[in-house]
Structures are given as structure tokens and as C-alpha cells.
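So the protein lines, in turn, are chains A and B. Its first residue numbered 471, the first sequence is counted upward by one per residue in our numbering. Its first residue numbered 110, the second sequence is counted upward by one per residue in our numbering.
Derived from the structure by calculation, the hints contain no laboratory data. All C-beta atoms in this analysis are idealised placements derived from N, C-alpha and C, irrespective of residue type, glycine included. The reader is advised that the hints may include incorrect statements.
Unchecked claim - Chain B is faced by these chain A residues, among others (derived, beta-carbon under 8 Å):
(1) Glu489
(2) Val493
(3) Ser497
(4) Ser576
(5) Tyr579
(6) Leu583
Here are the chains, one letter per residue:
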Amino acid sequence: MNKEKSKNSISEEVVSRIESGEVKMRSKKYFFFRAALVVGFLSLLSFFVLYLGSLIIFVFRANDIILFSGMGFHGFRVALLVFPWYLIILVLLLMVLVEFMGTSFSFVYRRPLIYSLLGIVIFVLLGSFLVDILPVHRPLFDLAKQERLPVMGGMYRHLGDLDIDDAHFGEILGKEGDVWVMKLESGDTVYLEITERVKGFRLLETIKSGNQIVVIGEREEDIIKVSGFRRLNSHSRGIER
Amino acid sequence: MGDIVEDDMKNKTDKELAEFTQKGNTEAFGILVERYEHKLLRYGRKFLFDYEDIKDAIQDVFVRAYSNIQSFDRTREFSPWIYRIAHNNFVNIIKKKKKEPYIFFDADMIFSLADEEEILTRAEKEEERRDIDRCLKEIKPKYREILILFYFEEKDYKEISDILSIPISTVGVRLKRGRKEIKKIYEQRKK
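Chain B extracted, bound-state conformation:
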């Protein structure tokens, strides 16, 4: 009987599970953790490649998510909401360790004008993903994070805008600049 209830829970959407958690169902939250821990571990390992204890950082993300679950708006998607918490947590870690500068505000947030979302074929995306993966460690955090979210976490512009709280057009601009930097690093390596 218990297994049937658990299986039933596992078939629920993220939003439904979040709603159950808001009503006090811990098991529902456990399933959400299971669904997102690998994605967030991958995101954390790529973004914070130079840091130890990524697992602790991810655990902290879920603890914060549980504490703040009542602030989750059920009319919106759950994924950008949890990624936003992870982003804030990772940025705090970067700030604390001071290993690399993280710029919160940039002119491209003020002036970047509407940029159409780029549609890439699966093969194109896969090829670019391979190049990016090789050079990711050498790129600035503000470009690195957007590239990870777009190429590895498969988020669209609107989701990335919600995760990072930046304009949608800025997402496009930073993706382009990030790719340019990757190309530069790649060409320098070839020499």
C-alpha cells in the first residue's frame, strides 16, 4: 500500500510535489530532492569547479528551498525557482572564498536590446557543448554560468532570466560574448 502511494507521488509534477510540501508532506519534498540533486550537482561542479564540498553546498540549497517553500508561487515553474536558490548559494560561496571576482551588475543589463533566442540543432548544440566543456574553467563566472545553464542544463532564455534575475536580452548578449571568449581561448590553445 505504502509503495503504491510512493509510486503515485513519483508520478506527480514538480509543481504538485511543491504544493504537497507546502501542505507539510516531507515525502513529496524528498522526491523533489531526488529529482534535482543530480542536475544541481552537475551545475555546481561546472560553476564551482575549483571548490570542495559541492555536496554540502547542494544540501544547503535544498535546506533553503524547504525553509522558503511557502514563497514558491504555484502559478510559475519550480525549476527556475530552485536553480535561483542554487545560483544565490553558489555566488555566496564565490564571494566568501574570493577566488575569482563575480560582477553582479553590468552595463549589458541596462542597455542590451531585445535579442531573438537562438535556435540550435541538437548536433550544433552538442558540438558547441564539447568545446565549451573543454574551456569552461578559463572563462569569467558571469559567462560561465550562462553557458552552463544554456548548454548543460538546457534552460531557455526566459528560464535563465528568472534564475539570474537579469533581462532576457542580456541572456542573449552574454551567451554570444561567452561563445566568443570560448573561441578565443580555443584558438589560443591551438597556437
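Looking at chain A on its own, in the form it has when it is part of the complex:
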């Protein structure tokens, strides 16, 4: 009897609140716009993540960061210090946001989140490399160099031409006795002091006058103590600039 009374009271109360107009039904349009907003925001967010991902690849390419990591401990340390960490952290945070927003869809939350996370990682990696192929960052960087890019100009000038401590780009001028002479991008001429660590490198024997190279090492006035070096190919920053 009491059960019946309670049953009636809840349903009756809810219905009476609806009929009195106290409780209103949200329109279909409201939910349509809300869903469109979520999908639109997710799409924009995905494009932005791809833009940032491809910007990271551009920074790596434009500054030859990958080259440094293969130049011994000193080179590895330089690569770590110059890594665009804040961009990488921002991309990771945005990927978590995409994942979080995706969990409102049943095809995402029904499976372990590791699947959707892996999907996002693959999407960002492949998408970033695809965007990197397109003429996006290089033309923007060129415009920025010519001071013709408003708003983002400063960012591109900084990211495309990072100031890297202990990394010296330039051209081999020739040998003075046993010492290599190099002309740096700044126009300075320096002498390369080959340290014990790189003395046995076969690459050292193939270096010729006119080669574009990057050298890792501490500079003391006009002498650089070489702890690592690489010859630059046509895709490297020294040639492109």
C-alpha cells in the first residue's frame, strides 16, 4: 500500500511539475547545435594538433636537430637542450584533450582507451608527416624572414633559426698545416681543433674544401674544440638558408 503511494507520488509530482511549466523540454535544435559544436571543436582541435605536429618536424628539419643526436654525448646533450619541448608537451596535452572529448562517443569508450590513444598517436604522426610534405611551414618561414608575415612572423623566425649553443654551421675553407679552417655562417673564420674523441673518425678523411659542415664543440675565440661533426647534405639548414 505504502509502496503504491510512493510510486504515485514520484510520477505524479514529476508530471505535475511538467504540466505546470516548471520543467521544460530542451528543443531538438539545442542538441543538434551542441553536437555540431562538439564535432566542430574536435575537428578544429585535430587540425591544430596536426599543424603543431608538423611544426615540430619543421623545427627538427630546419635546425638539423636529428644530426646532433648522432654526434656523441655532447651532440646528444645539445639536441636535448634545443628540442622544442614546449611544443611537444602542448601536442601531448591536446592529444589527451582529444581523447577526453572522444570518450563521449560510444565507439570510443566501449574499448580500452589504449586503442583510441594509439589511434590518436598514429593519426597525429602520419598526419603531421603529411602536412609537413605540403608547402605550409617553409613558405611561412620564408615570409617571416622577409618580415612579411604578421602575427606569427616572430615565432617562425625563432623556430626556423634556433640559437644553438656549441653548434657551429659553416663551410670548410681548407687546411693550414694539419688544422682545418672553417668559415662560420656569421662570417667568422675559425680553426678546428680535433679532439681525441673524433681523431679516428673515417668521415674526417673525406672532408674537403667547400664542404658544408656542422661542428659540435666549445669555441674559445677562433678555435673550436671539435667533439663531433657531420657533413651537411642538400636538405640541411646550411644549404637551405
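Given chain A, work out where chain B should sit, using these hints.
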């Protein structure tokens, strides 16, 4: 004549009643409320055992359901949809009162791999249900809720996954852990 129409309404499925409500039929919604209020009261009383005003909380669930009825997808089942609203409401109550911690995110949502749904006989389920009912208050909310939905509300893994918005495999993992905790509590009591 009115009684015939009402009887006709009462024979409709949940989905049909939800569709009538979407078209503005308040009576159809009233029948839905009647169908679900006892189930949700039982769910609420077991999940929020330590709270007062469960009835108000349930009323709030139906008010929210009515406000948002246009978001109900008619190609899906109505039951997980209303239980999802109830779950959100109950979790908000737990959060507000801060009587016990409720963890929204757990590693088992990321890594738990596919787990076959366990088929229990009626007798097995009844026996486990009795044990669970005795220890329910002492168990963490994230396990308590899954045990309630599986043993008392008779929901399957997919429905529970939709209600809690967690992976289906996580439902299996949490059910197993919940049962383990129940066993532990039971054995400790025996000592």
C-alpha cells in the same frame, strides 16, 4: 475511452513511450516514470546508502530525463540512457557531500583487455547477490556501483559500459575485483 487509451499506452515499449514524449505526450513520460522509479530507487538506495532524500534525487533524475529527452537516440535502448542520467546524478551527490572518494579515471580503463562476459546460473547469481548485499556498504563506490548494476539491476556488460561510459573489458575487470573485495570483507568478518 480514456482508460482504453491509457491501457494502450501501458502496452508500449520504453522506446515507443520515449518517442511519444519527444512529440510532447506527457502521459507517456508519466508511464516511463512509473516503470523506472522503483528500479532507480533500488539502485539509488544501494549506491547512496548513506544519504538522505533519495526520493528527491530520483525525482531530479526524471526531471533531467524529461529536459533532455530530445537527445535520446531512438535506435538505442532507453534503459541504459536513464540509468546513465541516474549515475551522473548520484556521482554528483557523492562529490557534493564528500563522504567518500569517487575515482572517475583509473588505469583499468586504459589497459584492461577484452574479457568474456561471465555467465552465471540463477542460483549462483542469487547466492553471490546475498553475500554482496551484506557487504555492499563497505566496498569502494567504483566497485559497489558495478556490482549493483550487474547483480541487482540485472544489466549486462554492454549496458553497464553505456551507463558508466567505461570500456566493456573494464566492466569485467571491476566486477572480478569487486567480488574479490567482497570475499575479503566476508572472510574478515568471519574471523
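We went through each hint and held it up to the structure:
With a cut of 8 Å, the hint placing glutamate 489 of chain A at the interface with chain B holds, because the nearest CB-to-CB distance is about 6 Å. Restraint check, valine 493 of chain A versus chain B: the minimum CB separation of about 5 Å is within 8 Å; hint holds. At a threshold of 8 Å, the smallest CB-CB gap from serine 497 of chain A to chain B is about 6 Å, leaving the interface hint in force. Because the closest C-beta pair between serine 576 of chain A and chain B is about 7 Å apart, less than 8 Å, the hint holds.
The closest approach between the C-beta of tyrosine 579 of chain A and any C-beta of chain B is roughly 5 Å, which is under the 8 Å cut-off, so the hint is satisfied. The restraint placing leucine 583 of chain A at the interface with chain B holds, with a minimum CB-CB distance near 5 Å, inside the 8 Å limit.
Consistency with the previously given hints is maintained throughout, with no hint failing.
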